[in-house]
Amino acid sequence: MVESSFLNPFCDEALNIVRNQADLSIVFDVDSRLVDIISFSPHQNLSDESYIPENIINLALKRIKWYIERKNNKEYNSHDYAYLFVEDISFYDVIVFHLTAQAIAYKFNFNSREMRLFVQSQGQIIEDRLGSLMLSEKRELTEDILGELMVSGTVEWTFLKDIISSKKLSLTDLLIDNGEVILDRDEFIYRFEDKFEDRSVSKMYDVLVGDNVKEEVLKNLIMQKTEEYIQNIQEKSHLIEPHPSILTLADEIEKTIDEEMTKYSTFYANVNSPGGYMEIGKLVKEAFPPCIKNTIEGVSSGGRNDAIVLFLTSFASYARLYPGIFANEGANIKVSDIDKNLDITEREILPLIFEAADNCTPPLFEDQPQEKINIISKLGFGMHSEVSLEHEGETKWYTPMSCEKVKIHLPQLCKKDKGCKGINNPLSYYTRAKWNLKKEGKLPDSNQSGNNSNSSGGD
Amino acid sequence: MFGKSSVKERKQFYREEWNLKDLPDFITDELPRREFGFDHYGRGPNDRYKVFKNPDFLRRFLKSKSPFAAYISIAYYRNPRSREDWQKAEYVFDVDAKDLPIRSCSCDEGEVCEECLGQSLEIVNNLIDTLDGDLGLKNIHLIYSGRGYHIRILDEDMMLADSDLRGEVLKYVAGATVPKSSYPNPDPSMAASNFNFQHFTLPIGYHKIFTDRVKYNIQHLKGNEKIDGINPKLLKDIIKFRHFLDEDAWGLFKGNIGPRRYNNIVNAMANVNLATIDAKVSIDIKRILRLPSSLHSKVSMKCVEVENRENFDPFKYAVPKFVHERKDEEVAVKK
Ligand code: SF4
Ligand SMILES: [Zn+2]
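Residue numbers (our numbering), protein chains in the order written: chain R, 1 to 459; chain G, 1001 to 1335.
No wet-lab data here; the hints were simulated from the structure. All C-beta atoms, glycine included, are put in the ideal place defined by N, C-alpha and C. Warning: the hint list may mix true and false statements.
[Unchecked claim] Stretches of chain G that chain R covers, calculated by requiring three or more beta carbons in the stretch to come under 8 Å of a beta carbon on chain R:
1) 1010-1019
2) 1071-1080
3) 1131-1140
4) 1268-1282
5) 1320-1327
Bound conformation, chain G alone (with noise of 0.2 Å):
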């Protein structure tokens, strides 16, 4: 995108750019319960254990260092300074662009664009709508973090959660378990015989995450991924085929494509689901986040909490002042 920030820059930001109503109140709410970590050299978040009485002092603190990365704990400690007596942790998703394992754009391993933004600005809207709408979870932010989006949730139920809990939940919103399909018959009498069904047919709850996400992922194949379970020929035929997605005809597409190999394309879909977003992330309760306001110096991007998330455009609101004053055959094309 635009390249990695000078010093100079990232000087200019901070003093001229950077104010402290950037900082969303959910960060600036509890501020000194919290830990700061901090990248001075572009080498990872070294500078840690920081805690600041109030943002005010962090103010000052960024001002004066301009540092190439800063990050928040998701923690609350009583302790910050030591990371000691926990309390409780906001609940992330996080989504990165570079690593969706399904990208309809043409970038690069690593790279960003337009595109994969924007995809990734819709799974994230689409993980929401299920944390809001399904689970009936409160007080969800969304940041743009530079290369994709950062979901923080601050549900109390959910910052009490241990690690397991919040994998469960992860699954089940990623759409990462192939949903059940074999349940017992009611009728005492006909104990023997299940019922079966195949998730598409179940248009509510559980089943109905789990088709939405498998129809997103199809229809944004471009057929050159290594999919585990997916060989080329099977890859070929869902291409081939995905067109009676477009009208929900699910059946044909699975009679197209048989009932075995259909099986496989349920079951690695549920991985792909789960590798959509960074796991290790979201079981963390100790984890530090990029701080929304600062900057993305590897990128020159800013951090910034997404307040219209239907269509959020990062590069209206998330470029800094000093990428567009670059002499012009700098400022990166939008690859």
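Just chain R, with the same shape it has in the complex (with noise of 0.2 Å):
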């Protein structure tokens, strides 16, 4: 039977592990047996060394690399990682999640893109190791997992708030009883029986309920469980010195995802690709959604905050720096990436909020100078009052707020026209138009050709 420790880093196998591990002096050694347990791994690339991760930090660092290659290389292929999901790893993965969670505890703030991209990746992992065992093994397996994790037949929804809240998992994709999620069959049975007339109620739960639905809560909760404990070592930083092979480790996962992302950056996609009209450029104001075209004119005093700090601000950084960013999600991306210096932002984006803010009735930093603060800190540079790359990543890059977002908090600006139909984000519409724009061309000069010379960085 397969261990939870294949799946669960956090359950009391895999704490054992962790604790029996106290020499961390070891992590840079050639392991043995690590090597053997990859070599035996069915279908595993073999054909270079440089497949085989012969210590723990290797390991460590390949396990990044898989998910970066496993999300952006086309090319990628599963027998490079085939270690990554035979159960003999266990032991390994175990040590190597701890150690890389501290690494990152330590060396990045919440929430960096560093940060997020293992938690992303460690779910993944939980998705790729459930699809490799079979149906009877993954369903005893995900049963203990969920256990160990205090949820059996159903749970009450709110224990999981903060995976609804970060839309990991919908509200409504879930079925809800009586403040409870029935994950169970038997559960589901019980409550829903008289209702399916004509359909086996049994079937109905494979379909509706089944496994799909208890993976994707166990995958979140692990997820989540991730965060916080990455949020519990920075809580006690201060306090413990972290080993010396943590700090090193950390140096090379920043190397790692640097190189990694470099190599897979869309930043400068090609004209000729598809999606290849997201390249990036000097803003287009005729480009504009409805939307923005009326922020930008200026907002009356009911939500003007929204409309300039969360909506302008997004939509304008975006729209500048990144327009790809959801055809690239999960790409985990910071101003700096792409303005290296901080130059476009200072120069073109925030003149362009800032006017907007003045816009307003009555102006907006005339009564609230703070909101200032508040729009450097949705670019990403923390509650500061200019962008500086010292604070860089203290915030998160507010992503650009959807139109189905905008229709709440802010209806009066939603007036929709042709350009509308079929998206669901004024980013997409700017990207939409813009094309249109240049293919008709009607571009201002410096935006027709791809390479636009003042941008900087991504190289």
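Reconstruct the complex from the two isolated chains, following the hints.
See below:
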């Protein structure tokens, strides 16, 4: 039977492994047992030594690399990483997981791109490992782990509230009755037996809940635990001196992520490639959607804060720097990944936002000067009055609001026109409109060619 | 309805009729942690950041000032006087009769009448059934606000929720998302063939909520509504075939409308469901709401907690005495 540490790095067994692995100086030593496991993994590509991480540190880096490749590399070959999906790896995997989490906690900010990447990689690894198991094994293991996580036949939906709030799981996709999410077949049958006249209740359970929902809950709960774990370490970080191996690992992780992300960076997507119209370039006001035009013309007192601080700030910055965000979901990006010295941000993006703030009635900063700081923070530069590299990552670069969000928060701004058809985000409106202008040769000069000389970074 | 209250009427109301006992317990319980706001002249709540140490101070304030309108924060602060140290906030659904996207009455824009007020009550009752029965939320209060209803929820989990979670729950309760219709085949050997379910074929969970809301909307259409995604011809056909829904014969209804146009209906109705509630209020964690027991001077009605939500009649419980004492011709009819 598969051990739960294969999927749950927080189970008792996994925590025991970590506890017994007190000596961190050995993580750089060649580990022949590890090498054995890798070499004997079915289908593992062994054509080159570089495919075989021979010590724990290398395994940690491989695990990160795996995720980035898996997400971005169109020629990704699962045989290069087959060892990550054999149960025998559990022991090492647990150690690697905890080392990486600590390294990330010490080196990077909470919610930094590095941290998010690690958390997502954990989710993906669980998903792929579940997929590699036999159905009966998978079911048994899922049950066990959900039990460890305090979730059994049903769970109160509020227990999942963080996952719901972050939209990783939608409330409307869960089957909820009397405050409880139904996960278990017997519960389902007990509650809904009489609801399906001409269909088998048991079959309906398989389709509507079945393995999918349970696995989704499991995966998300472990991702959530991973976040909490990192946060915990960070809160105590001033009390405990990290082991030098962990700091070395942190530096290596940074290098690996930087290298890999540059390799797959799509900021400069070729104009001829599909989605190529998402290249970066000067803001083209003619291509702005109605809601943004309305914002720039100025918003009246109700709603002006959200319109400027949340809506326009995220729109303008992504439209200018990273219009491809939605095509590259999961690519964790900071402003300075594109705008290396923050020139564009200071000379083009902020002026546009500040101008719009000025057009509000009453002008936004006149009675609420603190909103300037909030704008800086939504760009990912913490709660400060100016953007500076030193503070980047203290807050998150707020992603553009969807049309749905605009309709909830700022209904007065959404005045649909033809271009709104079939889009669900003002940013998509913009990229499409810009593309159309370009086709018609109506784009202002600096944007006519794909390689805009004004853009810095990304090299 | 009953028109604006005069200054004299306001004074009379607060001196003679208003009573400390009319304040619901959930308001008085932690009164000093809430912020109050007042509108003294009918120009919006400009007098804000007020705090009352206990209900008696509030009583004295109201009796001496007879404000045009009184509001209380849904948020609890450690320091309400400066709105600092936010601790938690009620979760609110605001349904305003004048803003219903589908109303079966013939009110002009901005007006309300007995019929659309009644419809608002039905709508909030449906919402409460979902909040309570489906989501299991506790401590739910219903307030008649003067022109509609506030559902005020003091469930501990929701009181600590951020805007995002409030928004997600709102979408669920309102029926603002088109339910999932395609499900992967649980049989791995058939993985390529998904199962498809129309929302009305699944009488449980969110699908049922959505179906109920859509049915309600359709049954209250008048035929002159302007709804994004539903053109006049489609609107006419919906009304023509809606009798099928009386027997829940959704299949026949859909069959007569046609699958593509039915899809348009479903999408449009998700939007209508969202617009039925003032979503901005639900996701706000710092808003102020009309104080239960106070006077809504614009319409001369009292804002009161609803005791029996199934058959509450605002004209019985929320009309201040001075309205009855007005000279006959002044007492506006229930239009
Ligand atoms: S539909 Fe979307 S893009 Fe168009 S105006 Fe509304 S919010 Fe903006
Ligand atoms: Zn009416």
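Against the structure, the hints come out as follows:
no. : hint      : in the structure
1   : 1010-1019 : violated (count 0)
2   : 1071-1080 : violated (count 0)
3   : 1131-1140 : holds (count 5)
4   : 1268-1282 : holds (count 4)
5   : 1320-1327 : violated (count 0)
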